[in-house]
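Peer 1: Letter by letter, the chains look like this.
There are 2 protein chains.
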Amino acid sequence: MDAVASSSVFNSLSSESRLAPESGIVEVVNSARERADLIPLWVGEGDLPTPDFVCDAAIASMRAGETFYTYQRGIPELRTAIAEYHSDLYGGSFDLERFYVTGSGMQAIQIAVTCVISPGDHVLVPTPAWPNLAAAVEIRGGRAIPVPMDFTSAGWSLDIDRLVDAATPQTRAIFLNSPCNPSGWVASRDNIEAILAFARKEGLWIIADEIYARFYFGGGRRAPSFFDVIEPDDRVIFVNSFSKNWAMTGWRVGWLSAPPEMGQVIENLIQYSTSGVPVYSQRAAAAALNEGTGFLDQQLSRAENGRALVLEQFARSERFRFAAPEGAFYAFFGIDGISDTRQLALDLVRETGVGLAPGSAFGDAGQGFLRLCFARREDHVREGLDRIVRWIDGR
Amino acid sequence: MDAVASSSVFNSLSSESRLAPESGIVEVVNSARERADLIPLWVGEGDLPTPDFVCDAAIASMRAGETFYTYQRGIPELRTAIAEYHSDLYGGSFDLERFYVTGSGMQAIQIAVTCVISPGDHVLVPTPAWPNLAAAVEIRGGRAIPVPMDFTSAGWSLDIDRLVDAATPQTRAIFLNSPCNPSGWVASRDNIEAILAFARKEGLWIIADEIYARFYFGGGRRAPSFFDVIEPDDRVIFVNSFSKNWAMTGWRVGWLSAPPEMGQVIENLIQYSTSGVPVYSQRAAAAALNEGTGFLDQQLSRAENGRALVLEQFARSERFRFAAPEGAFYAFFGIDGISDTRQLALDLVRETGVGLAPGSAFGDAGQGFLRLCFARREDHVREGLDRIVRWIDGR
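Here the protein sequences line up with chains A and B, keeping their order.
Be aware that the first sequence starts at 41, since it is given in the numbering used here, and climbs by one per residue.
Be aware that the second sequence starts at 41, since it is given in the numbering used here, and climbs by one per residue.
Source of the hints: derived by calculation from the structure; they are not laboratory data.
Bear in mind that the values here come from a model prediction, so they are computed numbers and not experimental data.
Please note that the accuracy of each hint is not assured.
[Unchecked claim] Pulled from the structure, derived: some chain B residues nowhere near chain A, Cβ distances all over 12 Å:
1. 133
2. 188
3. 257
4. 420
[As the list claims (entries may be wrong)] Restraint ranges, calculated between C-beta atoms of paired labels, are given here:
5. B:334 - A:128: 35 to 43 Å
6. A:430 - B:334: 52 to 60 Å
7. A:70 - B:273: 51 to 59 Å
8. B:355 - A:133: 53 to 61 Å
9. B:345 - A:337: 39 to 47 Å
All C-beta atoms in this analysis are idealised placements derived from N, C-alpha and C, irrespective of residue type, glycine included.
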């Protein structure tokens, strides 16, 4: 980096853009993306392509000439389908005016951050956490304040007092990702109520990332949600995505749920970032919601099977530090005697062809861990775990 | 707005998001989007859907299962095609490492602004100008400083001394859109050299929006460009889009050209905004570049015909204030005796069904003007202009 850092072009860039971190996951992926015997368990995506019925909806839309500018907030068909999905899953009635289509869950986060954070403001982030939220806050000129969670062999837990103590007069929001990527932690109803009470008392916003809501191993159709406890005018913005449920990672379609009176503000922020989502992509997303229940069930079974396989394989070595995930589709684990897991991830993929994400990519609290995505082909998960166990045994 | 402005949710949003302006174009569009006899000349898009050969490339990609995450900077096939397009159009050799695929020209602007502007910094913007650049700057916490251009019946002109005088110690960049939306002004080679010399002297960045480069009525294949005069390490970021040339407004695909040493910074900013562009959309964009010369020629002819029709019809009334555009595909005109063109645009679409964009949407310097897109069906442009002339005559 020295040659770059000393250059005049680089130094004339804004400090926020210069300091934005390289994704610790992408760094490892780029080191071995094209390797022939690769078992890629590093990224948060399954290995099934988008199902045909979803692609067909996009193709029909393209063929019908739906290739023009469209509504900034999303087409009414999709917003209606999103509202119905929520009514079905959370109970009660949802107005489509609460929902805004975005160009990925990531963009939903970017827009949520822009809505509630000015330069200099702070956001509390329980960690380990998906790094992109903190990066979006810092690029905006704000600060993401990590609140480390506790790990024991019984699982991860969030100390609410530690969260409360981390607040300062600059704090504007709490980011809560549950079920959590990478740790698999799921906020309990008690956690959610306590966080909401704290946010109400201090006038803070909550950015609720419940993207993995359906990947929940505690029984029932979904994890506990802020939708279970909020009033319509609570300061909660939900970010969500079609990527995980319907194997649409490559489509870059997500949505926001927010109080309807924010509608014009969110429309404006969409206008001034990507100016809307392709109509054909939105038709595909609507098909996913309207016809995708069976496919989603398959995705959930696949994750459950992958999780069972991980539990079985991890029992083969006493060197794994690991707790069974309550949600999402990742094993987040440590290996006794190895602390530098960034180097470990680079070594593992080079020497075994198994791609994992280093825990260091998820903040200091992730140091010493690796993330493995198990929502993939059973033979690959099995083979990947086997290669890892053998490699560890040989060291 | 009073009820909204007084609410607690609204007031708890960041000031930058609250103050982001509603698009003055979208406001008019939303007032009459579904009207049956509408002649929509308000938005910057043609009326041809994306050609089949472009859609076919996207469909083949979807069918091949290219529905996963991909390279943040864009797929090599598309970056290579963009580099070759530049070599052909501007001469000389272009390295694909200069180019980054973005989720629209708008996102290219957002990323360029984030690269060079910190909160509190200023950008100089000759006006009238497409409003989204200024909005992106203000959302970032910066300030867009308008530099009014001069209008005479001979056309618009930029006073370079006025641009120089507008710079302050906070100024970090100059945004230059040529050919200009909405005015049709095209920067001369002398203009470009003078602006580059000023930027070099003051250490400023130039964000060059040459999206309409091919829509140039001064002879030759393109308008004068910063590519004609820059050295590789000049602080110039180009923003571009597939929307206009290849009838792909709905696809949301654009690109950036920037010094290669910015690569990691731009990759990071893509990662933390939308995390890449769908592979199938990129295959479509590559098809547009590789097989789209004939279609682009049709688009250019269509614009030339539309422009000729505008010149012919505007000669019918002495009340039009108008200069023939040198580039882009808009007529930007005033009507003697009418100063409130926002109200005029709302009245016109309600009473005649002709949709125009109010000049007020393009900054103070656009007050008293209307923007009409003429890159559309000849009968519609003719009928639209006819309705406008008759309506004006009746007042």
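Peer 1: Now look at each hint and say whether the structure bears it out.
Peer 2: Hints versus structure:
For residue 133 of chain B, the non-interface assignment is confirmed: its Cβ lies about 20 Å from the closest Cβ of chain A, beyond the 12 Å cut-off. Non-interface call for residue 188 of chain B relative to chain A: holds, since the shortest CB-CB distance, roughly 22 Å, exceeds 12 Å. With a closest Cβ-Cβ approach of about 25 Å to chain A, residue 257 of chain B is found to remain outside the 12 Å limit, as its non-interface label requires. Listed as outside the interface, residue 420 of chain B is consistent with that label: its C-beta sits roughly 14 Å from the nearest C-beta of chain A, beyond the 12 Å cut-off.
Range check, residue 334 of chain B to residue 128 of chain A: Cβ separation about 49 Å, and the 35 to 43 Å hint is violated. Under the hint 52 to 60 Å, the C-beta atoms of residue 430 of chain A and residue 334 of chain B, about 58 Å apart, fit the expected range. Checking the proposed 51 to 59 Å range against residue 70 of chain A and residue 273 of chain B shows it is violated: the Cβ atoms sit about 25 Å from each other. The beta-carbon spacing between residue 355 of chain B and residue 133 of chain A, approximately 58 Å, falls within the hinted interval of 53 to 61 Å.
At roughly 55 Å, the beta-carbon separation of residue 345 of chain B and residue 337 of chain A lies outside the given 39 to 47 Å, and the hint is violated.
Violation of the numbered hints given earlier is confined to hints 5, 7, 9; the remaining hints are satisfied by the structure.
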